[in-house]
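For the record, the sequence lines run as chains A and B. Just remember that our numbering sits 67 ahead of the position in the first sequence, which is counted from 1. Just remember that our numbering sits 73 ahead of the position in the second sequence, which is counted from 1.
It should be emphasised that the hints constitute simulated quantities derived from the structure, not laboratory data. Note that this is a predicted model, so its numbers are computed, not measured. Heads up, some of the hints might be wrong.
Stated by the list, open to error - Result set (EDC-like, lysine to aspartate or glutamate): computed pairs, CA atoms no more than 20 Å apart in a straight line:
| # | chain 1 | residue 1 | chain 2 | residue 2 |
| --- | --- | --- | --- | --- |
| 1 | A | 183 | A | 82 |
| 2 | A | 137 | A | 89 |
| 3 | B | 82 | B | 127 |
| 4 | A | 137 | A | 126 |
| 5 | A | 137 | A | 122 |
| 6 | A | 70 | A | 163 |
| 7 | A | 70 | B | 113 |
| 8 | A | 83 | A | 153 |
| 9 | B | 130 | A | 163 |
| 10 | A | 183 | A | 84 |
| 11 | A | 105 | B | 176 |
| 12 | A | 83 | A | 111 |
| 13 | B | 82 | A | 82 |
| 14 | A | 105 | B | 74 |
Claimed, not checked - Heads up, incomplete: computed chain A residues facing chain B, CB under 7 Å, no partners named:
| # | residue |
| --- | --- |
| 15 | 107 |
| 16 | 111 |
| 17 | 114 |
| 18 | 170 |
| 19 | 176 |
Cβ coordinates follow ideal geometry from the N, Cα and C atoms, glycine included.
Here are the chains, one letter per residue:
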Amino acid sequence: AQKVTQAQTEISVVEKEDVTLDCVYETRDTTYYLFWYKQPPSGELVFLIRRNSFDEQNEISGRYSWNFQKSTSSFNFTITASQVVDSAVYFCALSEAPNNAGNMLTFGGGTRLMVKP
Amino acid sequence: DSGVTQTPKHLITATGQRVTLRCSPRSGDLSVYWYQQSLDQGLQFLIQYYNGEERAKGNILERFSAQQFPDLHSELNLSSLELGDSALYFCASSVDGAGGHTDTQYFGPGTRLTVL
Numbered sequence: 068a069q070k071v072t073q074a075q076t077e078i079s080v081v082e083k084e085d086v087t088l089d090c091v092y093e094t095r096d097t098t099y100y101l102f103w104y105k106q107p108p109s110g111e112l113v114f115l116i117r118r119n120s121f122d123e124q125n126e127i128s129g130r131y132s133w134n135f136q137k138s139t140s141s142f143n144f145t146i147t148a149s150q151v152v153d154s155a156v157y158f159c160a161l162s163e164a165p166n167n168a169g170n171m172l173t174f175g176g177g178t179r180l181m182v183k184p
Numbered sequence: 074d075s076g077v078t079q080t081p082k083h084l085i086t087a088t089g090q091r092v093t094l095r096c097s098p099r100s101g102d103l104s105v106y107w108y109q110q111s112l113d114q115g116l117q118f119l120i121q122y123y124n125g126e127e128r129a130k131g132n133i134l135e136r137f138s139a140q141q142f143p144d145l146h147s148e149l150n151l152s153s154l155e156l157g158d159s160a161l162y163f164c165a166s167s168v169d170g171a172g173g174h175t176d177t178q179y180f181g182p183g184t185r186l187t188v189l
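Can you make the complete structure from the sequences, with help from the hints?
Here it is in structure tokens:
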């Protein structure tokens with residue numbers, strides 16, 4: 068069975084600090100997909116990134132970067148120079164890709180990030 | 074804006090009642106997913122439909138049912154409501170979702186259900 072663990076339930080930083088959100092996953096499949104979503108105070112879920120298990124290259128998008136390490140089953144998310152607008156709950160999610168068996172996402176418990184001015 | 078629409082935005086009802094939540098996927102998306110977000114259970118997958126057919130089932134109660142119509146919109150029906158059903162219900166859609174790979178799921182704004 069697939070499982071996602073976000074051990075940090077809440078993180079508080081001061082604006083301009085860098086912050087890393089941890090995500091550890093469990094799966095028996097060799098083919099799987101990892102995602103990060105952001106849930107701001109308004110409540111919607113905003114897609115940030117999708118990564119498949121065969122692509123371990125780290126990715127950078129502006130102030131956001133992701134570090135995927137299969138050896139430790141981790142997919143960590145770093146925000147550089149955090150801003151107040153980054154305050155939100157961040158979810159890591161996993162989807163296995165079995166044939167014809169659907170594409171459900173299994174979410175971690177989320178990490179609430181508070182960025183103070 | 075993800076392109077996924079959900080109505081209503083808020084719903085307040087009483088125990089024992091039945092409600093219907095509606096979702097319209099992004100244009101061109103064939104799969105629709107329903108998720109429940111509650112304080113104690115977190116974000117949980119309920120059910121997936123692909124091009125009108127049920128594709129995968131998660132922790133969906135027997136009191137809950139869903140369907141996807143020919144125009145690809147979907148409805149989630151919740152009956153015999155209990156206090157514990159109060160939650161935020163999300164709909165998501167993806168281009169495919171037929172299995173073998175996972176497309177990105179884009180989420181609607183959610184319907185907040187309060188059962189009194």
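Hint numbers the structure violates, sorted upward? 3, 12, 13, 15
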